[in-house]
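Here the structure of chain A is known, so what remains is to put chains B and C in place on it, guided by the hints.
Chains as they are written, first to last, in this note's numbering: chain A, 1 to 218; chain B, 1 to 621; chain C, 1 to 118.
These aren't lab readings, by the way, just hints derived from the structure by calculation. These figures come from a predicted structure and were not determined experimentally. Any given hint could be a false lead.
Claimed, not checked - Distance ranges between label pairs, derived from CB positions:
id : chain 1 : residue 1 : chain 2 : residue 2 : range
1  : B       : Val375    : A       : Val106    : 58 to 68 Å
2  : A       : Asn169    : C       : Ala111    : 38 to 48 Å
3  : B       : Pro607    : C       : Ala60     : 38 to 48 Å
4  : A       : Phe158    : B       : Gly593    : 18 to 28 Å
5  : C       : Met57     : A       : Ala119    : 54 to 64 Å
Said to hold, decoys possible - Pulled from the structure, derived: some chain A residues nowhere near chain B, Cβ distances all over 12 Å:
id : residue
6  : Trp26
7  : Phe28
8  : Val189
All residues carry an ideal CB built from backbone N, CA and C; glycine is no exception.
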Amino acid sequence: MQYIVRSPEAEHATSTGLNNRKLLMWAFLGSDAMFFGPLIATHLIYRTESIQGPIENVFNIPVTTISTFVLLMSSLAMVLALAGIQQGKMGMFRFWTAMTALLGMVFIGFQMFEFTEFAHKYGLTPRTNLFGSTFLTLTGFHGAHVTVGVIWLWSLLFASFRGKVKQENSLDVEIAGLYWHFVDIVWIVIFGVIYLVGAYGVEERVLNGAHALAGLGG
Amino acid sequence: MATNIAILRRPLDPTGAWAWITTVDHKKIGVLYGLSAFAFFILGGVEALVMRLQLAQADLNVVSAATFNQMFTMHGTTMIFMVVMPAGAAFFNFLVPLQIGARDVAFPRLNALSYWLFLFGSILMNFSFFTGSAPDMGWFAYAPLTGSTFSASSSVDYWILGLQVMGVGTLAAGFNFVITIINMRAPGMTLMRMPIFTWMTLIVSFLIIFAFPVITVAITLLLFDRMFGTNFYDITAGADPLLWQHLFWVFGHPEVYILILPSMGIVSDILPTFSRKPLFGYVTIVLAGAVIAFLGFGVWAHHMFTVGMGRWATSAFAVATMAIAVPTGVKVFNWLATMYGGSIQFKTPMLFALGFISLFMLGGLSGVMHAVVPVDLQHQDTYFVVAHFHYVLFGGSIFGLTAATYYWFPKITGRMMSESIGKVHFAIMFVGFNLTFFPMHFLGVLGMPRRIYTYAPDMGWSGTNMAVTIGAFVIAASIAVFLYNMVRSARVGQPAGANPWGAATLEWSMESPPHHYNFAVVPTVRSQHPLWDEEANAVEPPPLPYVDESSIHMPSPSYWPLLLALGVTLVAGSLLVWQAHAIAGLTMGAASGALALISVYRWVFEPPVAAEVAEGAAAHH
Amino acid sequence: MAPTPWRGWGASRMAAQHDLHHEEHAEKHPSPRRYIQIAVVLCVVTLIEFLIFYGNMDSATMTGIILMLSALKFILVVGYYMHLKFDNWRFSAFFFFPFIIMISIMVALMALFSNLTR
Chain A
1 MQYIVRSPEA EHATSTGLNN RKLLMWAFLG SDAMFFGPLI ATHLIYRTES IQGPIENVFN
61 IPVTTISTFV LLMSSLAMVL ALAGIQQGKM GMFRFWTAMT ALLGMVFIGF QMFEFTEFAH
121 KYGLTPRTNL FGSTFLTLTG FHGAHVTVGV IWLWSLLFAS FRGKVKQENS LDVEIAGLYW
181 HFVDIVWIVI FGVIYLVGAY GVEERVLNGA HALAGLGG
Chain B
1 MATNIAILRR PLDPTGAWAW ITTVDHKKIG VLYGLSAFAF FILGGVEALV MRLQLAQADL
61 NVVSAATFNQ MFTMHGTTMI FMVVMPAGAA FFNFLVPLQI GARDVAFPRL NALSYWLFLF
121 GSILMNFSFF TGSAPDMGWF AYAPLTGSTF SASSSVDYWI LGLQVMGVGT LAAGFNFVIT
181 IINMRAPGMT LMRMPIFTWM TLIVSFLIIF AFPVITVAIT LLLFDRMFGT NFYDITAGAD
241 PLLWQHLFWV FGHPEVYILI LPSMGIVSDI LPTFSRKPLF GYVTIVLAGA VIAFLGFGVW
301 AHHMFTVGMG RWATSAFAVA TMAIAVPTGV KVFNWLATMY GGSIQFKTPM LFALGFISLF
361 MLGGLSGVMH AVVPVDLQHQ DTYFVVAHFH YVLFGGSIFG LTAATYYWFP KITGRMMSES
421 IGKVHFAIMF VGFNLTFFPM HFLGVLGMPR RIYTYAPDMG WSGTNMAVTI GAFVIAASIA
481 VFLYNMVRSA RVGQPAGANP WGAATLEWSM ESPPHHYNFA VVPTVRSQHP LWDEEANAVE
541 PPPLPYVDES SIHMPSPSYW PLLLALGVTL VAGSLLVWQA HAIAGLTMGA ASGALALISV
601 YRWVFEPPVA AEVAEGAAAH H
Chain C
1 MAPTPWRGWG ASRMAAQHDL HHEEHAEKHP SPRRYIQIAV VLCVVTLIEF LIFYGNMDSA
61 TMTGIILMLS ALKFILVVGY YMHLKFDNWR FSAFFFFPFI IMISIMVALM ALFSNLTR
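Next up, chain A with everything else stripped away, as it sits in the complex (with noise of 0.2 Å):
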């Protein structure tokens, strides 16, 4: 028997039959999990220990449920821009990638006129306290992975325009869904535990000092 055989016959694609790319994808989205844990976690260690401004209390729920409905949208038009590619309707992939683009765009529109209303109605910058430190950031960073969505999306939708994103080469398409399916669920997380459950009853710990040092008289 032959321990080693060398033979051209041997040449295989990858030794677990998937793609080295989608792969690395899925283990980035991993990895990029690991990410925004830390600033998560950093924002609800410090919910109570802001010692000065706003807090929860900015949140304007009716509009953020607005922008979720929009992220959750994008979403399906992104599956159905991969189902269109993948079945080789070209017009259909790139008709539901320019509304995914459109979609993204419009909430991070909605994303810049809750940071300004922020700063402008209610004095809060990441400079204010923890709550805007942190909560600027982590949404800040989301909404930097949305962005950089939509330039993918749009560059695909482009390159399809020059034969360049085929029925044949459908996983560029399914990769970047795999992201923006990611950055879906990561708002889904912050819409339901930093906002929702951050802002319920936060008029009366407000009224009762939540501010750490309010009860000291600081």
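Just chains B and C now, kept in the frame of chain A:
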């Protein structure tokens, strides 16, 4: 079109220095990592010698207290991030594709990017020496000490930005090796047939991609505090002074295993070769490595027993820490059992491997001592801790990496290293190491704190400190011997042949040094020890089928990884410029950002194998 | 002999493995109709979350319900939109292993910083 500009045309067949600068070949990148790591090893060693000169006697004034702070900060940072990690990466790069039967890593250009980010990040951080503001706060950079209130100079910024750039490169390398090992194995190379070094590389790569995001967050928040006035570590705004410590050590403890597991893999490959026996308990060694890595995420707060976490938290982390001793012990016993009954050959790599086992075990034992909280409270921030982690990181990691250098040098260069000089090297290094670090245990128990720049004569530490300093220079002498041996052997060493040590694994089945395409024909592997099985069963490998070299398409060299790394590093540098001069910083940031974006764009639309090569070969057929 | 292409990602763009992979799973891929059903569920759950926010329950119960509903949305997106339910187990392992480590570390950190353990 930009492709018509000569300088940006793809380098298809570069020669000389350009062949190295534009390379995407894992073997060349491995050599670059190794040479850079050795250069930084000398730099970090000089920093250590400066410290030892200052501490040789009481009340000396060789350097100022401020310089001493820079020395211990940069010594630690350099040795961890610029020496042990890239030296490990050097062997990952050179060996993993050879050991699993692949022609290259999964993402060759990403691999080049990792190297350049490591190099440029290291240079960026060390550049601070020229501006007189080298980092001076300890390699752990505890906030709030490192906030702008207490560290007003840009020293911490250099540390953060340098580490950030290196960290991105390390993450990219981690992803690359995870995918390579999972996906690029030759047919028949099942996971449980992989050499242990490749196994440990896989585990380390997972540790990197899970742990590095946490330090990325920690230093990003610190950077925001310092540059944009946020409050993450500002206690006057209500921040908790322990936040940094927790985030840092959530990363920092897995990092310890990132540093030691490669050496464990190296030794697990070397011992069987020189004991002429298969590794004892292959499966348990693999599982022990995985368990160490997994538990490594649950013990971080044992670096913080003295901060007052409360007895529940302290007890939990103490127990978890003791638990890690179990898989570590499993490995040590497996190594001993591998040698038991074998016909041991004391070649230089074997000597360093034995040095690794004995010294690492001593360091491990003093480590378990610190899991006992009352003992830890006594030892915290004394020289006992310094002794402990040098036994693990020098006696462990560096001895392992030195063993690897002697063992795989013939494969890398095609020439053997001198055995006689190697044995002299081992003797001097082993004696010097123990003379340096063993007395530190006593200094620690006698109460000498870490990071002090001098001490009074009546403390009773002077004689021991002198011994330590002499030991440090003995180590330096041994490194000089090592360097001489490498340079000499690369020029006039005995030709090595394919398998000079009579080893069992796949990388020894090819000529030394290997062809740029590694395997003329991708092998199908049918055993954990294919070369030994062939030898034992007197299998004559059949002559290789004729392969036309030009039909093997390897990825073409590329400028873009280098230029992207340069762009990213300059963006980081522009933040430093921005602090001194806003307009200049913004201009530099915009220009270097544009360079980075163009590089990404060109990279994405550049095929891995240049079209000219693919077409040329097609025409040829 | 035939050219032996290097097997990196560029080669795999064209390689048959990608098509194989899709043929293998093609019949299991959900249809656009199923995607729209999922989207409706996601919207309804978000609406329920919104209503709960304006409801009147004690904050522990509210937190528990919101966490469960968020987890439901999370699983739907990961399982269907990201195809993990239908895809190779290795992708799930790559994602959920660090995810579980992260959740554990977050819980531990929050316990360490809470007054309970000090």
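Hint check:
| no. | hint | verdict |
| --- | --- | --- |
| 1 | B:Val375 - A:Val106: 58 to 68 Å | holds (59 Å) |
| 2 | A:Asn169 - C:Ala111: 38 to 48 Å | holds (47 Å) |
| 3 | B:Pro607 - C:Ala60: 38 to 48 Å | violated (57 Å) |
| 4 | A:Phe158 - B:Gly593: 18 to 28 Å | holds (21 Å) |
| 5 | C:Met57 - A:Ala119: 54 to 64 Å | violated (33 Å) |
| 6 | Trp26 | violated (10 Å) |
| 7 | Phe28 | violated (6 Å) |
| 8 | Val189 | holds (16 Å) |
Violated hints, listed in ascending order, are 3, 5, 6 and 7; each of the other numbered hints is respected by the structure.
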